[in-house]
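Those sequence lines, one after another, are chains A and B.
Each step along the first sequence adds one to the number in this note's numbering, with nothing skipped, and position 246 is 569.
Each step along the second sequence adds one to the number in this note's numbering, with nothing skipped, and position 1 is 46.
FYI, nobody ran anything at the bench for these hints, they're computed from the structure.
Owing to the predicted nature of the structure, the values given are computational and were not obtained by experimental measurement.
C-beta: ideal position from N, C-alpha, C; glycine also.
Here are the in silico distance ranges between beta carbons for each label pair:
| # | chain 1 | residue 1 | chain 2 | residue 2 | range |
| --- | --- | --- | --- | --- | --- |
| 1 | B | Val100 | A | Ser335 | 45 to 53 Å |
| 2 | A | Leu580 | B | Thr98 | 53 to 61 Å |
| 3 | A | Arg441 | B | Ala380 | 36 to 44 Å |
| 4 | B | Gln120 | A | Leu579 | 38 to 46 Å |
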Amino acid sequence: MKRFALPGFGLSTGFTVLYLGLLVLIPLSTVVVNTLNLSWPAFWAIASAPRAVASYRLTFGASLLAALINGVAGFLVAWVLVRYRFPGRRFVDALIDLPFALPTAVAGITLATLLGPRGWIGAPLAQAGIAAAFSPFGIVVALTFVGLPFVVRTVQPVLEDLAPELEEAAATLGATAGQTFRRVLLPHVLPAAITGLALAFARSIGEYGSVIFVAGNMPMRTEITPLLIVTKLEQFDYAGANALALVMLVVSFALLLAINGLQRWSAR
Amino acid sequence: MIRMLLTFFLFTLQAQQPKSVQLLNVSYDPTRELYQEINAAFARQWKAKTGQTVVIRQSHGGSSKQARAVLDGLQADVVTLALASDIDALAAAGLVARDWQRRFPHNSAPYTSTIVFLVRKGNPKKIRTWDDVVRPGVSVITANPKTSGGARWTYLAAYGYALEKSRGNAAQARAFVARLYRNVPVLDSGARGATTTFAERGIGDVLLAWENEAHLALRELGAGRFEIVVPPSSILAEPPVAVVDKVVARRGTATVARAYVEFLYSAEGQAIAAKHAYRPRSGGLWSAAAPAAALHAAAPAAAGASRAAAGAAAVQSGPAPLRLFTVAQLGGWAAVQKAHFADGAAFDRIFEVWQ
Chain A
324 MKRFALPGFG LSTGFTVLYL GLLVLIPLST VVVNTLNLSW PAFWAIASAP RAVASYRLTF
384 GASLLAALIN GVAGFLVAWV LVRYRFPGRR FVDALIDLPF ALPTAVAGIT LATLLGPRGW
444 IGAPLAQAGI AAAFSPFGIV VALTFVGLPF VVRTVQPVLE DLAPELEEAA ATLGATAGQT
504 FRRVLLPHVL PAAITGLALA FARSIGEYGS VIFVAGNMPM RTEITPLLIV TKLEQFDYAG
564 ANALALVMLV VSFALLLAIN GLQRWSAR
Chain B
46 MIRMLLTFFL FTLQAQQPKS VQLLNVSYDP TRELYQEINA AFARQWKAKT GQTVVIRQSH
106 GGSSKQARAV LDGLQADVVT LALASDIDAL AAAGLVARDW QRRFPHNSAP YTSTIVFLVR
166 KGNPKKIRTW DDVVRPGVSV ITANPKTSGG ARWTYLAAYG YALEKSRGNA AQARAFVARL
226 YRNVPVLDSG ARGATTTFAE RGIGDVLLAW ENEAHLALRE LGAGRFEIVV PPSSILAEPP
286 VAVVDKVVAR RGTATVARAY VEFLYSAEGQ AIAAKHAYRP RSGGLWSAAA PAAALHAAAP
346 AAAGASRAAA GAAAVQSGPA PLRLFTVAQL GGWAAVQKAH FADGAAFDRI FEVWQ
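Could you build all of it, start to finish, from the sequences and the hints given here?
In structure tokens form, the structure reads like this:
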């Protein structure tokens, strides 16, 4: 085996494997082991039931949409925070992390009240014939809320490292604002932005606490997969809950792997 | 030194043990207020009878969720749940004796309840009967019958009504229930959540609620905002109780746990149940307007009388007096469970035709 110049490879790697094993692999492998109790046709019947499929579509669709919104909006917020000095900047900066700290149930209840047919935002929308809360729209809003810090916090340090002189040099060489953004800024920031997007996406897929309050939870329409899992548990259907958990696990892992690949490709 | 302290602790622990005992009552969502009062009354009575102090802790949540918590190891001495099937699940796991339902009178259900309508002040949509609830354009709030005991009784109340109306045509009755759920915009996981959606968020024209929960909403959230409508017919809901044999055997609390359940059947326990708008088993304690009046009388004396009058007035009866049918008339719990609430059964099929 090749020896590394840096000492401590055996110890640190051993620790990493142990740590990941205890915290991630062992708990998640119980999902796989428990699902093995099901026969393949039984598993497939649960995993491909129309209600389950509708919930995957909603969960992954709304999560992707929320992550994309955050990708654009978070980039902008990070840009403003890094490039401009204005009074209250530190305050805004601290505000970004709030969705991390707030119990998600609080976020959900607040959003449901705000977006409900009698809420500040929900009432005018209801007048216009748009159901804000208890619809997929409300789910996307909740997921955008919980995912916001990820993109901002991953893009921000990269932008800070990027000297403003680079952009100024591009300008003096005759590049338009659009060219500077596309050719100078974006290549540097894109890998970080994709990482942030992936994190926000992953967080949204697993989100439960905030969504159930604004979703409406109607089967086939506004029922997310995590809720379907909880519902199955409450009917003592442990096998069914495990089957759905396994589907989420596999699909999430595949998607995250793909996004990581995309990130590596964009970093080249 | 440490050893001395330890012996001291052990000594005091031993000395205290016969004097104080703890019970955990794991219950469903809307019984919080009922059991607060029951617990205080029972502790008083037990102290007077035996000299022992009993501290009863309570835990509340959706009935099935609570049963699962006990199944997963929550050390409940007594369970007081919304559905017999939830205690059956405990019996299947060996925590409760299989014959639990014969251990106490009235199928181990010391009080009953039913499903009534809570509507907005003045009943703007004129909701009087189950037929009004399924009318197009009426927005109905109820919880998910797969997770909420109360919502399961609600489903069966609507189904039973439709079955009666169609003279036993099950297909027509299922279509009636499907029309009901078509009118539901939000499906909460528990009865309390549904009440919040209706009362606090202002969603829906009618809340299909436990009778006691409707009275509580009237009292807590103001009689001026809502009215109770008692439909001409509804279901006789029998929320059952049981002593968790495995837990009480381990903890040595069998005697006091049993006495606690028996207390629910005593005159005092039955009176407390009636006060909280549960229907007691012993006759004479219940009348349609009585629980509202009793609850309001229990509220702070200031303005109590006028609010009591308003509360009583807010309880309206449907065109005919309330007639109650039972689950047994619908085929019994096991059959009902299989036909309506199992995966892929009638309730699931309502939603699978959507989209």
